[in-house]
Amino acid sequence: MGRESRGIQSIEVGGTLLQALARSGEPMMLRDLAREAGLPPAKAHPYLVSFSRIGLIEQDATTGRYEIGPLALELGLISLRRLSAVRIATPKIAELAGAIDHAVSLAVWGTNGPTVVRLEEPSHAVHIVMRVGSIMALLETATGRAFAAFLPPKTVKAALESGLDHLGVGYNPKRAPKSPKVAEMLAEVRAQGLARAIGDPLPGVNAFAAPVFDHAGHVALVITAMGPAGTFDAGWQSPLATRLRACAAEISKQLGHGTVQP
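For the sequence shown, the positions run 1 to 262 when our numbering is used.
One thing to keep in mind: the hints can contain errors.
Once the Cα atoms are required to be at most 30 Å apart in a straight line, the calculated DSBU-like pairs of lysine-lysine come out as [unchecked claim]:
| hint | residue 1 | residue 2 |
| --- | --- | --- |
| 1 | Lys-157 | Lys-181 |
| 2 | Lys-43 | Lys-154 |
| 3 | Lys-154 | Lys-181 |
| 4 | Lys-181 | Lys-43 |
| 5 | Lys-253 | Lys-157 |
Just the calculated beta-carbon pair ranges, DEER-fashion [as the list claims (entries may be wrong)]:
| hint | residue 1 | residue 2 | range |
| --- | --- | --- | --- |
| 6 | Ala-61 | Glu-184 | 48 to 56 Å |
| 7 | Lys-181 | Gly-230 | 25 to 33 Å |
| 8 | Gly-163 | His-45 | 24 to 32 Å |
| 9 | Arg-190 | Gln-19 | 41 to 49 Å |
If you are wondering where the hints come from, they were derived from the structure by calculation, not from laboratory data. The beta carbon of each residue, even a glycine, is placed where N, CA and C say it ideally should be.
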C-alpha cells in the first residue's frame, strides 16, 4: 500500500459513530448508536469519550443521549458559509470575466493554502498555469498575497512556517519576498484593497486579486483577474481594478459584510 493511501484505522472506526449520528439526525443512546455503527457498546464508548472531549459530540446529562457537539457544528457552519460564498460568487465572476475579457478565478483558503475552486476563461487564448485545484503560493502570487494581507497574522505565520507556501504555483525561493519587504507589500495590499502581480511569477502576465469578506469580516474568497501585460492595465485606479473591487464588494455585501449586527 502506497504512502498516500495509509490512514489511521482507529479514526476510521470512530468515524462510523459520527456517520451513524449524522444519519440519525437526532440524539441517540449509546446502545443504539453503537448498533448503527456496527460496534459493541464497550468498544464504542471510549471513542465517544474522546469525541466529547474535543467537542465533536456531547452527551445530555439528563437523558444520556449523544448528539452533535459544538466543534462539529462549527465545522458544518464553516462549510456552509464557504459553499454559500462560492455559489454566490460563481455567476458574478462569470459576468466579470465577460466584461473585462480576461481570465477570472475564485480561490478559498484550503488545507494547503489558497486553492482555486472556479476559473472563468476569456474569449481569447491566454497562457496561465492556474487551473481548478491549483494551490497558489502565498507571497509570490496576487491570489496568495490577498489572503496573506487579510488573514489573521497567526494563520499566515503558521502557513509559512509549515512550508505550505512552498507547495503553491508561483513559488520560487530565489524570488520570494524577504521579511522586511513582506510587511510593506501586505500593507500596500490592505491600503489598495487589491493585491497586484506584474509579470511575476508568470512573465508577460499581470494579475489583480481582491478579497471577499463574510458577515464576520473574515476572508471568505479571493477573486483574481489575470491577463497579458499588453492588454491588462495594472494601474491601481484602472477601470479593470475598479471593476474587480466593485465585484468583490458586491459579493461581500451579499455575504453580510458591513451589515449592522444587532
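Hint-by-hint comparison with the structure:
The straight-line distance between the Cα atoms of Lys-157 and Lys-181 is roughly 15 Å, inside the 30 Å bound, and the hint therefore holds. The straight-line distance between the Cα atoms of Lys-43 and Lys-154 is roughly 39 Å, outside the 30 Å bound, and the hint therefore fails. Restraint check for Lys-154 and Lys-181: satisfied, since their Cα atoms lie roughly 18 Å apart, inside the 30 Å limit. Proposed proximity of Lys-181 and Lys-43 is contradicted: the alpha carbons are some 55 Å apart, above 30 Å.
Under the criterion of a C-alpha separation no larger than 30 Å, the hint pairing Lys-253 with Lys-157 is consistent with the structure, at around 29 Å. Checking the proposed 48 to 56 Å range against Ala-61 and Glu-184 shows it holds: the Cβ atoms sit about 54 Å from each other. In this structure the supplied range 25 to 33 Å holds for Lys-181 paired with Gly-230, their Cβ-Cβ distance being about 28 Å. A hinted range of 24 to 32 Å for the beta carbons of Gly-163 and His-45 is inconsistent with their spacing of about 39 Å.
For the pair Arg-190 and Gln-19, the supplied restraint of 41 to 49 Å holds, since their beta-carbon distance comes to about 42 Å.
Hints 2, 4, 8, counting from the list given before, are not met by this structure.
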